[in-house]
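Q: Protein chains in written order, with the working numbering: chain E, 1 to 335; chain C, 1 to 325.
Note that these hints are calculated values from the structure, not bench results. Glycine is no exception: its CB is placed at the ideal position from the N, C-alpha and C atoms. You can trust all of the hints, since none of them are fake.
Sample of chain E residues with no beta-carbon within 10 Å of chain C, all distances over it, derived:
hint, residue
1, W16
2, L34
3, F38
4, L40
5, G144
6, A168
7, I185
8, E214
9, T219
10, R226
11, H227
12, L263
13, L276
14, L318
15, L320
On the chain C side, residues computed to face chain E include the following (Cβ under 10 Å):
hint, residue
16, L37
17, F61
18, Q63
19, E72
20, N79
21, Q85
22, L99
23, G171
24, I173
25, P200
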Amino acid sequence: MSTADTRTPAPKPNLWTRVQVGSIEQLHIRLESLIVLFVLAAMMAVLSPFFLSVSNFMNILLATSTIGVLAIAATFVLSSGGLDLSLGSVMGLSGVVGAAVAVKMGMPTPVAVLACIGAGAAAGYVNGLIITRAFVPAFIVTLGMLGIARGLALVISDGRVIYGLPQAMVYLGQGRPFGIPMPVIIFIAAAVVMHIILAYTRYGRHTLAIGDNENAARTAGINVERHRLSLYTLSGGLAGLAGLLFATRINSGDPTAGITYELTAITAAIIGGTNLFGGRGSILGTLIGALIMGVLQNGLNLLAVQSYYQQMAIGAVLILAVFIDQWQLRKESRV
Amino acid sequence: MTEPKTKLTIGAAVAAALLVAAPVQAEGEYGILMKTLANPFWGAMGEGVEDGAKEAGVDYFMQAVESDQAAESQLNVCNTMLERQPVAMITAAINSTNLLPCLKSAQEAGIAVVDLDGNLDPAILDAEGIDITFRIGSDNVLAGAQGAEFMVGQLGADATGPVLVIEGLSGNITGQMRAEGFANRLGELAPGLEIVASLPGDWDRGKAANITNDILTRNPDLVGIFAANDGMALGAVESVFAAGKGGDVIIIGVDGNSDAVKSIQDGRLTASVAQLPYLVGKQAVENVKMAAEGGSVEDQIIVPTLVLTKEVMEAGTEPLLEFVK
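Pulled out of the complex, with its shape left as it was, chain E reads as follows (with noise of 0.2 Å):
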């Protein structure tokens, strides 16, 4: 049977496999999430009668700003095969870090903001440092800076929230040009330069390399620990970004802001597409990812759902995420 099957010609694939492989090839994203997400904002917005406005709209990106940046860094280093579980405590620790430099040292904001995404990608780096020079599994050096960074936060800023911004820090977490926030369109910007970075040059070619195969990638060239160390650091300052976004959104560093938001983020990813185990991963995957996350939460507020049954939901997505992402691959492998 096999024989006669390879003498057949390839039958002409209908338009929903056309739609599928282009929606890939081109974009770099699953069509089935993107349809997920529509479903779900469709049925939201049959549930409650406040979903469907400009406001509400405005309400889910902003609320996926924060997360959907640590996704961003999630993706990068879990589709080089790494993992990063410090990117909460490092964003807590950045808003401090950048809430200190403004308040308690008096600096302007362009300082400040640098500061804060300084402090997360020194983070970073010292995380990719450990890891390649000194051999140490990712999981164990992320999950020790997830400690060292929160209790630097809390030390820093002596456990209390640090108050006061200056006017035009505060404008990048609560300005609305042309009514959008500005959390949203920094994260739309971050997502969109990230987005073709990962998926159209060299550097993220080279990162789904090593996440792909490593020892392939090293033979053919690429210098893989030079890699993860710009990977942890890119990562670090992510993170910093996302404390940024968070710190001037309310006005003030929180040494407790992002607890446990690395599995958050990484959520976002997975359900985007992006493998846990490297090679595979996209930007704009990781958005919808968030996005869907983003909706359901909204859509469950809106409702007045309980909150414990939003992290059933949110759980039971990521597991059907993956299910229809292997099924698929299975379906592609056998034919």
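Given chain E, put chain C in place with the hints provided.
A: Same frame as chain E, but now just chain C:
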């Protein structure tokens, strides 16, 4: 001739109306935003809100987040709640700043804001230009001070000896206020009692038990322990009894939850400064209703705390006992 006078009265009425801070519309839903319901304290407050709303005959919808550290989720939930256009937002903020943008939007939309449990900082609210209708809750500094007063009452003002303070979660304002209230009043009343350690127990019973063990090793003559909540106090109780010092160390918790009540009755925990969350929730709704109907409401409503001991419970004469849940 009466015309100018009428104008004057209308003018005065308008002025008076403008003077009343943040008026509450009479009709519509009340949005109630709690921290988390996975805690008996907030559960009791939720019950109080529910009973208060039923008695007052108002509609409400209540939401909470998954943990009392989910600062950003609470802000997101708060923003979402505004979409339903409630007439009042009764909010128990996770910290003094996490809800600021939402409360600002609420104010712009003419929604009255109430600070449930007093987590907002008046100075920050002023700086942000947010005008709340009232704040309601127990005074955490006072609760700590009451604990110190009770300890000194038991040991005497000229007592000496080491005392351990177990704080809440690092960075949590409520735990800090209780611990500070205790430490300051203890220093005033009995300078001989020395706080040898003040450590964060992270609201965790096991962690508090470990801290107590460690300090008992260093200071075997420990005379008192103040824990910023009952769970941690109960952890301390276990360590003290395990070390064979049961009854020698005065152990005080804060909250008055049902486990603590049982332990006090069994003669293990010495006392708990009971907060009355049920009463806080109930009075919050009642006062919003009153404000909505044009009544005057105080800016700051302090719901009393009660030092719960075996004697107080056995006597049963304390009128507030009925609200200990």
